[in-house]
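J.: One letter stands for each residue in the lines below.
Protein chains: 2
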Amino acid sequence: MNQNPLILVTNDDGMYAGGMNALISVARKFGDVVAISSHEPMSGMSHAITIKVPLRVKLISKEPGLTRYVCNGTPVDGVKLVFNSLSERKPDLLLSGINHGSNSSSSVLYSGTMAAAMEGAVNHIPSIGFSLLSFDPDADFTASAIYVEEVSRHVLEKGLPDGICLNVNIPAIPSEQIKGIKICSQANGYWKEEFEKRTDPNGTEYYWLTGFFHNREPENGGTGTDEWALKNGFVSLVPINTDLTAYGALERMKSLESAQTGKHE
Amino acid sequence: MNQNPLILVTNDDGMYAGGMNALISVARKFGDVVAISSHEPMSGMSHAITIKVPLRVKLISKEPGLTRYVCNGTPVDGVKLVFNSLSERKPDLLLSGINHGSNSSSSVLYSGTMAAAMEGAVNHIPSIGFSLLSFDPDADFTASAIYVEEVSRHVLEKGLPDGICLNVNIPAIPSEQIKGIKICSQANGYWKEEFEKRTDPNGTEYYWLTGFFHNREPENGGTGTDEWALKNGFVSLVPINTDLTAYGALERMKSLESAQTGKHE
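Residue numbers (the working numbering), protein chains in the order written: chain A, 32 to 296; chain B, 32 to 296.
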């Protein structure tokens with residue numbers, strides 16, 4: 032039986048985010064879409080899974096070529112639900128996003144959008160996370176749609192290496208100003224937090240997490256990194272590993288192994 | 032001024048978990064300890080951060096060489112709070128755990144314990160996550176303590192490469208049966224979920240996340256992987272990268288870049 036490809040679409044901004052609808056529109060060009068997300072935004076949930084409270088799932092719409100579910104879980108919960116319970120078919124492609132805001136550099140570690148893509152990769156489903164560098168809820172996804180379509184088509188046709196997904200970030204500029212796609216490494220950077228301390232009406236202190244991104248790359252912003260590409264008008268594409276082994280550091284750690292083995296044998 | 036090293040201790044099982052106390056005991060041998068965790072367990076929270084609710088922090092005890100905080104946030108929130116608000120000194124070492132249960136193979140992606148260590152590494156603090164392969168709340172941490180001390184001393188003296196932390200898993204067998212430490216790669220495996228569907232008293236369906244680990248490595252379990260080492264009586268030590276770039280896949284993706292650049296220039 033010849034079937035349309037099945038595309039799983041998810042995000043971490045919730046089912047009613049503009050970026051979700053933009054992504055579904057592109058995904059429908061390639062096949063049947065099953066979309067799952069939460070009612071509420073789940074930004075910053077990373078690869079969290081829900082084990083302490085029951086998961087609730089609701090089918091909110093079903094029409095030819097598009098089925099939408101909402102659930103109370105994290106992005107990774109939603110992906111697991113589709114893989115294991117909600118769909119009889121294994122998706123041919125997982126698209127996550129389009130995130131409202133950047134997931135470049137170390138932001139990939141905190142991102143629910145990218146965790147959903149990584150969960151796809153762990154399950155050997157070709158998976159891509161897309162983010163637009165704008166937090167505007169009414170952001171214009173016109174340029175994004177062009178690149179989402181191009182990268183998705185490429186991956187649907189050629190696949191991805193097992194265990195690897197893509198982190199695609201799109202600058203918030205008009206499409207005619209975008210210079211194309213750059214294949215990049217993750218820029219070396221971190222979030223410097225500045226917890227804002229307040230006092231509640233009961234006199235108890237509390238904190239809000241705030242912060243700003245600090246790029247450790249050299250002056251030019253680190254040619255070849257996603258941060259550099261985005262600052263220079265490119266769409267950045269970083270292949271992301273779900274095998275976190277730092278292979279380059281294995282040799283350096285060997286002294287610890289030898290010492291120990293010597294002691295015990 | 033010559034100061035004792037400052038050791039940040041955290042976990043994802045909560046401040047009152049046996050593994051936390053075992054880890055604090057070892058850490059105190061090396062210097063002053065600041066410990067932070069939650070009241071409730073935070074397993075499976077991965078690298079999640081709290082942005083929708085305020086963070087509450089409580090100093091629960093302070094004695095010479097040991098300060099303990101509890102907070103309502105995730106393990107990564109706790110680490111960020113110490114780095115940015117609760118401690119005037121930058122920690123010299125971050126120890127996370129000892130987790131009740133394995134964090135080998137792809138479990139590293141879901142683990143709050145390992146996310147805390149990764150957050151340390153992103154901030155260039157030498158960081159180690161420890162896990163014992165037993166979910167027993169009254170597990171015996173005697174053997175674990177030996178290896179925690181050995182690995183921690185090594186890292187405190189020699190440091191770790193920037194951006195890299197260690198994932199150390201300890202088999203739940205008596206110390207005299209442990210064969211030593213093996214430097215390993217992350218085994219190729221995934222969690223196959225079997226959502227358990229139930230109906231609540233109001234007639235509405237809900238799911239509990241359950242699952243089992245599936246190892247994709249070859250028959251012998253993949254010599255050189257953490258799963259293999261643990262099954263064969265070794266402590267596994269995997270250096271973990273916070274730069275998730277799949278460098279080996281950059282070349283393969285280049286065709287996407289060329290096509291696009293050709294189109295736009």
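Just so you know, these hints were derived from the structure itself, not from any lab. Please note that a few of the clues may not be correct.
Which copy is meant is left open, because identical chains are indistinguishable; a pair holds if it fits in one copy or across any two.
[Unchecked claim] Straight-line alpha carbon distances no greater than 30 Å define the calculated DSSO-like cross-link-like pairs of lysine-lysine that follow: (1) Lys210 with Lys83; (2) Lys189 with Lys89; (3) Lys285 with Lys189; (4) Lys189 with Lys210; (5) Lys60 with Lys210; (6) Lys228 with Lys285; (7) Lys210 with Lys89; (8) Lys223 with Lys285; (9) Lys189 with Lys228; (10) Lys262 with Lys93.
Since the model is a prediction, treat every value here as computed from it, not as a measurement.
J.: Honestly, which of those hints from before does the structure not fit?
T.: 1, 2, 6, 7, 8, 9 and 10
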